[in-house]
Amino acid sequence: MESLMNILPQDALNEVSDMQAKLAEGIRLMGEIREQDVQIGTTQKEAVLQQDKVVLYRYTPPEKPRDMVPVLMTYALVGRFTMVDLQEDRSLVRNLLSRGIEVYILDWGNPSRADRFLTMEDYVEGYIAEAVDFICDSHGVDRINIMGICEGGVLATCYTALNPNFVENLILTVTPIDFHADKEDSSVYHGFINLWTRSLAPKDVDQLIEAFGILPGDLMGSVFSMMTPIRSLTKYNLGLLDVIDNEKKLLNFLRMEKWLADRPHHAGEAAKQWLKDLYQDNKLINNEFELAGKKVDLGRIRMPVLNVYASDDHIIPPSCSRALAKRVGTNDYTELELPGGHIGVFVSGKSQGRLGGGIVDWLEERK
Amino acid sequence: MNWTEDASKFLDMWVQGQKSLAESQEKFFANFGDQIGKSSSPQADPLGLAPDAEILTETGRKVAEVWRSFLAFCGTLSEVLPAGGQADDEARTALGKLMDPARLIGAGMSDLDKTIRRLTETPELADLGEFERKFMKTSSAWVELRRCSGEYQGVVMGAWITAMQRLMTKLKEKAEQGESVESWRQLTDIWLGIANDALVETHRSKQFLEAQSNLLRAGTQYRLREREITEIVCEAKSIPTRTEIDDLHRTVHELRRELRELKQTWSDILALAGDGDADKEKKSSKKRRSAGKAAAKGTRARTKRNTAKSARA
Chain A
2 MESLMNILPQ DALNEVSDMQ AKLAEGIRLM GEIREQDVQI GTTQKEAVLQ QDKVVLYRYT
62 PPEKPRDMVP VLMTYALVGR FTMVDLQEDR SLVRNLLSRG IEVYILDWGN PSRADRFLTM
122 EDYVEGYIAE AVDFICDSHG VDRINIMGIC EGGVLATCYT ALNPNFVENL ILTVTPIDFH
182 ADKEDSSVYH GFINLWTRSL APKDVDQLIE AFGILPGDLM GSVFSMMTPI RSLTKYNLGL
242 LDVIDNEKKL LNFLRMEKWL ADRPHHAGEA AKQWLKDLYQ DNKLINNEFE LAGKKVDLGR
302 IRMPVLNVYA SDDHIIPPSC SRALAKRVGT NDYTELELPG GHIGVFVSGK SQGRLGGGIV
362 DWLEERK
Chain B
14 MNWTEDASKF LDMWVQGQKS LAESQEKFFA NFGDQIGKSS SPQADPLGLA PDAEILTETG
74 RKVAEVWRSF LAFCGTLSEV LPAGGQADDE ARTALGKLMD PARLIGAGMS DLDKTIRRLT
134 ETPELADLGE FERKFMKTSS AWVELRRCSG EYQGVVMGAW ITAMQRLMTK LKEKAEQGES
194 VESWRQLTDI WLGIANDALV ETHRSKQFLE AQSNLLRAGT QYRLREREIT EIVCEAKSIP
254 TRTEIDDLHR TVHELRRELR ELKQTWSDIL ALAGDGDADK EKKSSKKRRS AGKAAAKGTR
314 ARTKRNTAKS ARA
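Line order of the protein sequences matches chains A and B.
Numbering-wise, our numbering puts 206 at position 205 of the first sequence, and it's gapless, one number per residue.
Numbering-wise, our numbering puts 110 at position 97 of the second sequence, and it's gapless, one number per residue.
Derived from the structure by calculation, the hints contain no laboratory data.
For every residue, glycine included, the Cβ atom is placed at its ideal position computed from N, Cα and C.
Be aware that a few hints might be false.
[Stated by the list, open to error] Partial list, computed: chain B residues near chain A (C-beta under 8 Å):
id, residue
1, A208
2, H262
3, R270
Looking at chain B on its own, in the form it has when it is part of the complex (with noise of 0.2 Å):
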């Protein structure tokens, strides 16, 4: 089999992967969107919490549209390839791998959009119908985490696209000045350092820095709506709730903090007393650092006036 042959047949392989997972990403969106525009009419919803449908199969609509545009380009990929030279299976699909968006979105890049995910799932709370309004919001929250990571990924994507793109032009080049590729490692690492340098122009852009901060203050917001919920039931079974706890480490907290400047301070009166150490020497050095703090000392009331104690003592 010639270079020709391996990389369309690999790339049919591909292509056809990505399609059927663009269609189900639009699929996806554009049903979601008519479910939740289904439920959100205005008897349904009154106050307008539900999430905008148009928005959604928008997202979807745009998320499509990026897979599309580098499906087309995928078809165009055979025309610029040169024939020749011959490679193994087992290299070609370790390589189809290593190529394949789809996998490394999972895999690596999308790294941020898993974390999120992941530190917000929590069980499903769809029992909850008396708790409607919040419960609406909390939906609503979520699918703006759907949409905010569906921007993201598209964003993503086209750092793929470009990496592809820049490759074939790199390969066509090496072609036409009548350079080769000597080993399937080589071609590896050839596209590992084009895709390295396309992502990392990624992460600095406007675009990608703007869709990320939008991904994790969804996600940051999903979580806080989705506690809403939670506390109302806890009220409701006199469980203590995430915000009482909060407030009571920040109570455990100031206590703390309070305790350390009074022993401090203590510490700091038996030295400078002449108290405490039996070592001589320690006892002096203590004494010192003592009087030290006890001048450089005095910002917050309480522990102003502990300090003018101890430098009195």
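So here's chain A without its partners, still in its complex pose (with noise of 0.2 Å):
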């Protein structure tokens, strides 16, 4: 048999010796890194309006907005908003205000037990309503455009389609429509998500909620490891090694985690919705959903819609996004691909500018 190592003596030496150098330098590095570099989320912003633990934020333009409407973003329970303005040179909120749009954008807070029976109605037609009520009377406008991200897609979503008249434009981003359409997608690295969640028997969610209260924000920090397991488990040995001796991508790394360990826990009731009727019914695409009694018809919809989804989505497949297509009410349905997955869409280099530059650009159009 031929032999398989070919590592000479010199290789191995100079191979660790590289690795002591990174590390050395790594070392001196976080030395040096102080608190302040690590934060996230530095966009100037106010608090205009408080609900409950939620509180809608308004971001201060760095120059005077063009007339054009304001946008409210709405981001997932199950994770921070702070991932849409993770640094500044990776915030798709100051590529929206570079550009002159007004944001807003609601923190959903910290749910605790306490928190069980809020509902998805609470959130749509409760917190967004209201967000949106303000919003129109600090404006003087009788709609406004909607931006969701991920499951606070599917809130916008719920919202749009039964409060119509209150949006001018929706804008969908790596946001889950069609629940079970990850069967059509053959990437075994897709929709885990789904695939965990329907095993689960819905008299399992429901003592899951009676136990905790909350859908806690660390069961689903580890269903998200399961997808990509190595990754999860090297980062801190071989993940850092990688950008320990490079200031800027050490900072970066530091900052992704410092939003990845910020996992909320999902209020209760909503939860059980959530993983019930959305992912394991799939009731939102068949216009079975219910709200306060309604049933969210997304045929209602018939407002112009962007829907941007990730090329390489490992968490909202894109077919699980596209099916809106073919559900909506209006004929000004636009999609935008974007290369990368779930998270990179907002915080990798390469998106920056393209999907800030794609949501105005597509807003403009319709002016």
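Join these two chains into a complex; the hints should help.
Here it is as structure tokens:
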């Protein structure tokens, strides 16, 4: 049998020596990094409305905004909204502000067991509806633009279908609409959340919420880790080693870790609807999902729709997002495919400008 | 030292570690099963609430079996490893850690298991003898949690066995084709790529999904059983229970929702009456939206009534 390992002593020595040099530089850099260097969500903003734990923020425009309809962003309940403003050079918010768009965002806060009984009705017909009202009042307009992200896109879709008269344009990013369309995606790296959720019995979901009162953020974090097992496992040794001697990359790594570590719990009753009605029973795409006794009819979405999806989204497979095309009641429906994954669309260097620019260009065409 | 010697040394060390772990796991399940068997005699447990000792011992046996098959496989590795090449101790140690399933299970793959265990861990309640019936139920739930945890880890171990088999096959093929591994990092990357694929495949398997679903169910069941015991103590000592606090939260939530609807209705009435805002443009905009809302609303009985009032106003 031929020799397999062809590592010459000198090469091995060089490898170790390189690693030691990297580590030495990394240790030096780590020693110099301060808390303020890894701040996320730093774009200046002002709290303009508080409802329970939910805060509506208005981002401060760098200069006088253009005469454009403001945008309200709604983020997922399973993550933190700071992802759209991770750092100065990777910020969807800054990209929109720099093009003269007024941006508002809803921070859902940190639901605890005390918020167990919050439902998706409360989020859609309560918090979002109040926020829309507030923004309309502030700007003297009848309608605003709504931009939803992931689960926040589902909330935005529901709000829009139930209140179409108050939405000028609907923008969805990496949003699941058909929760069973992952079956059409042949990649084994896509759609694990769909599969995992369907593997639970409905009564297991009820029991989970009964036991904890919330859908624990830690639990969802574990499930997310299972999608990329080795990356999750090696990021603090190999992953960190790859970036440790490069200040810019190291700071990017640490900021992303900071965002990942801040995983809020999901309010209990809303989580039941999310997991059972949507992921398991797929009610949204079939116009069977009910909020406050009203069916969410996607056909009532008659305003222009921009649907942005990531070509390699392992959390929300593109087929789950693109299913919206056949259901909306408008002909003015546009899809924007961006390279990258679920989070990469917002934070990767490659996507910077493409997402924000694409949204603003699309809005300008409909001004 | 050549590659074969390196690998053998590494494998010896690794196999010994896994062997100890396997033996301790098997002993744990067997001993625990014995103890449960003794305490669950008809006299001690007339309601038959104690966990089944046989099931527990069987779980231990299955877990040990998986480990043994893995170790037997490891024993054959040196036969397929080619000779030649050199490596440094530091890199070999690092690679050893990356390839150690025991370490990996603790660090990554069993995140779900660990999370559930951490979420369910609370102070021991062994001194509540007077609440024997509920305590037995809780013990039974705990044993079920451990059993499910053992099964889950057994499935996970299967993925690592597959990964290791594929790695050895890959290395053998490379050697036969005259290809070589140029660095420890290259070897690490090959191993991690193979392991990732094996784990992803396992995560999507019916066996894994069932095991993790059982584990989650057992974890939450245990937590609920434990709550029952705690609540007996709370009630006896006039301390509010979790159930009472949940009821309170439900009431507050319903009141908050009602208040929000009333505020909205009142705001609509004011807007439609032309009262409130001084700014004409705002007032006009709000009035239009209120009228639109009034027309769109109408599902909940209370809201319906309020909306009708607002529309009339």
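Please flag the earlier hints that this structure goes against, numbers listed from lowest up. Hints that this structure does not satisfy do not exist here, as all of them hold.
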